[in-house]
Structures are given as C-alpha cells and as structure tokens.
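These are the residues of each chain, in order.
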Amino acid sequence: MAVIKKKKDKSLPAVNTSALPDIVFMLLFFFMVATVMREVDLKVTVNKPLATEIQKLERKSLVTYIYAGAPRQKYQDKFGRSPRVQLNDSFASLDDIQPFVIQEREEKSEEDAAMMTMSIKADKEVKMGLITDIKLQLRKAQALKINYSSNQPKNVEALYSLEN
Amino acid sequence: MADIAFLLLIFYLVTTTMDTDKGINRKLPPFDEERVENPPPIKERNIFTVLVNSNDQLLVEDEYLQISELRAKAMEFIDNNGDGSCEHCKGYKISTSSDNPEKAVVSLQNDRGTSYGMYVKVQNELVAAYEDLRERYAQQKYGRSYRSMDEKEDKEVLKEIKLAYPQKISEAEPLNIGG
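Just so you know, the sequences run in chain order A and B. For the first sequence, position 17 (counting from the first letter as 1) is numbered 17 according to the working numbering, and the numbering increases by one without interruption. For the second sequence, position 18 (counting from the first letter as 1) is numbered 18 according to the working numbering, and the numbering increases by one without interruption.
These are calculated hints, taken from the structure and not from any lab test. Do not rely on the hints blindly, as some may be mistaken.
Stretch by stretch, here's where chain A covers chain B in the computed footprint (C-beta under 8 Å, at least three residues) [to be verified]:
| id | stretch |
| --- | --- |
| 1 | 106 to 112 |
| 2 | 121 to 131 |
| 3 | 141 to 154 |
Taking lysine-lysine pairs in the BS3-like style, the calculated list, with each CA pair at most 30 Å apart, reads [stated by the list, open to error]:
| id | chain 1 | residue 1 | chain 2 | residue 2 |
| --- | --- | --- | --- | --- |
| 4 | A | K140 | A | K108 |
| 5 | A | K127 | A | K56 |
| 6 | A | K145 | B | K155 |
| 7 | A | K60 | B | K162 |
| 8 | B | K162 | A | K56 |
| 9 | B | K159 | A | K145 |
| 10 | A | K43 | B | K22 |
| 11 | A | K60 | A | K43 |
| 12 | B | K168 | B | K93 |
| 13 | A | K108 | B | K27 |
Even glycine gets a Cβ: it sits at the ideal position worked out from N, Cα and C.
All chains, please: the whole structure from these sequences, using the hints.
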C-alpha cells in the first residue's frame, strides 16, 4: 500500500507553456485577418439552397444583399410566419426594393455601380412567387447582375435527395 | 500579455463568420414596359422546355423527369447538332432535337408555388450541363481543364470555349396554377 502511495505523489513535471503566448498570438492574428464582421442582424431564417455550379463573390464592396425567408421566432408575433423580405436591418416590402437599390448604387463610385451585384439570400422553402416579385423589382431598378446565394452540398446524393 | 491575447482571440472566435459568399451568377433581362412585338421566331426543335410545377415536379420536353436526369437530357439536347454545322459536337443528330449549340435555347418556366430550393437546383443542373460540355470541349481541344482555368491568364481561351457552347437559358414568366 505504501509503495503505491509513494508512486502517486510523484507528480509529472509541468508541461512547458512558454510557447503558449506565441500560439495564441498566431491564432489571434489568423482570426483577425480572416474575420468578417456580421454587418446585419438577420431577422429572417435563411437556409440556403444547395448547388454545385457556384462562383465566389469577389469584392465584397460590390455586393448588396437581399434576404428573404420566414421571420425568426422572436419576430413571429409581430410579422407572422409567411416569408418576408429583409433589406439592411429591417423588414421591407417589395416597394422598398427599388429605392434601396438606387440608394446603394449612389453610394458607390461610377465604375463600381455598373459592376454592382445583388446577392439574393433566400431560404430554400420560400416560394418562387416572392422571388419572382423581387426579381421584377430588381429589373425595374436596373440591377441586372444577380447571384443566388447557395451552399456547396457535401455529396451528390444530398443534391438529388428529396428533402433538400 | 497572454491574457489580453486570449481575450482578443476569444472575441474574434465568437464574432467571426467564415461563410464566404458563393452562389450561382445570373443576369436578368432588362425591364421593358412594352413587350417586344413579333419576337424572332425560334423553331420548336431548338427549344428545350423545362417546366417546374408547384409540387416541385419536373416536366422536360413533355416528359416527367427526375432532377438527377435533367443534366444528361439537357446535354443531349444542346450537343445534338442536327444540321451538322458544329464540328466539336458529339450528339446523335436527331431530327427533332436542336440544330446546333448556337441555336439551342433552354426555356425554363416555373410556378409561383415552386420552392426556391428546387428552382436553384434546376438552374444549377442547366448551368452544369453547359459547364460539362465546355469542360469536354476544353479537354479535347486544349487538353486542359476548363474549370481550373484562370480568368485573367486564359481570357481568350475561355472566351473561345464559351462561344463554342454559348449559354442560352431563357426564363418565362412564372405560371400561377397551384398556389
């Protein structure tokens, strides 16, 4: 018994932590560089559709987002459950899209304005009726470059399965 | 020092959003108040109709189809080469399918009740059909992969490939049958 106790008392030497700050700093810099601050507070649920032929959106400054989806749980009392459009930080109606696009365009320089891309971030459960209405408004506002925001599926089966 | 670094690290860990924005790029047609009168006639054989109903079911060329079959069907249509003018095509030259890729038009029409997820999937398959054909053409002519080409370095090559299989996807006004 005594022998075993003696063994237990013999603690291991402490792990050398002198390199820890270096590692932490490295991680810190990585996250500082990689981070993109969330600009808007999402008020609608957006579960993006799946697609494989997707392109990266270069130059964030050229992209303007339009969100569409069912309001989140905490907004459902006020706004109901049917899908709605969100521009910037607030719910919007379809008539707000044109002024919004024009305003966004004015904030950009002239050559950038021509390259402006509208990214439609919509939930995959949203009916096409709403999306079509958004598209019509965008056409009226002369914002013709659009991007259907989607996620890369993990495998092909996920793309063709019925649930997605 | 390390404490402050830790604090900042945790802050960035929490606030970071890694999602890079990706999606299918499309161009909308300009909005015209007046409709174009007498649009140029397109032969029936050069139109590949894809209909999606409100239950997310597909009707392609009057035939009920699964989404997984759409890509092959679209490729067959675009690559058909009915009039034999397309030298790089490998189609079957069926008399009821398209004349050549130049003339082939994919027409997509959905219902207002179609889900957005399904719509994106159909768009994806149609774009993929063109991309696959371009890939095949690039491999054949240049022995390189189309998808890995650089937009700046291979500008001319990319242009040439895109002209070989020009992407013509037309969208009709959605129907409003099943709400």
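For this session: Hint by hint, work out which the structure violates, then give me just those numbers in ascending order.
Result: As far as the earlier hints go, only 3 is violated by this structure.
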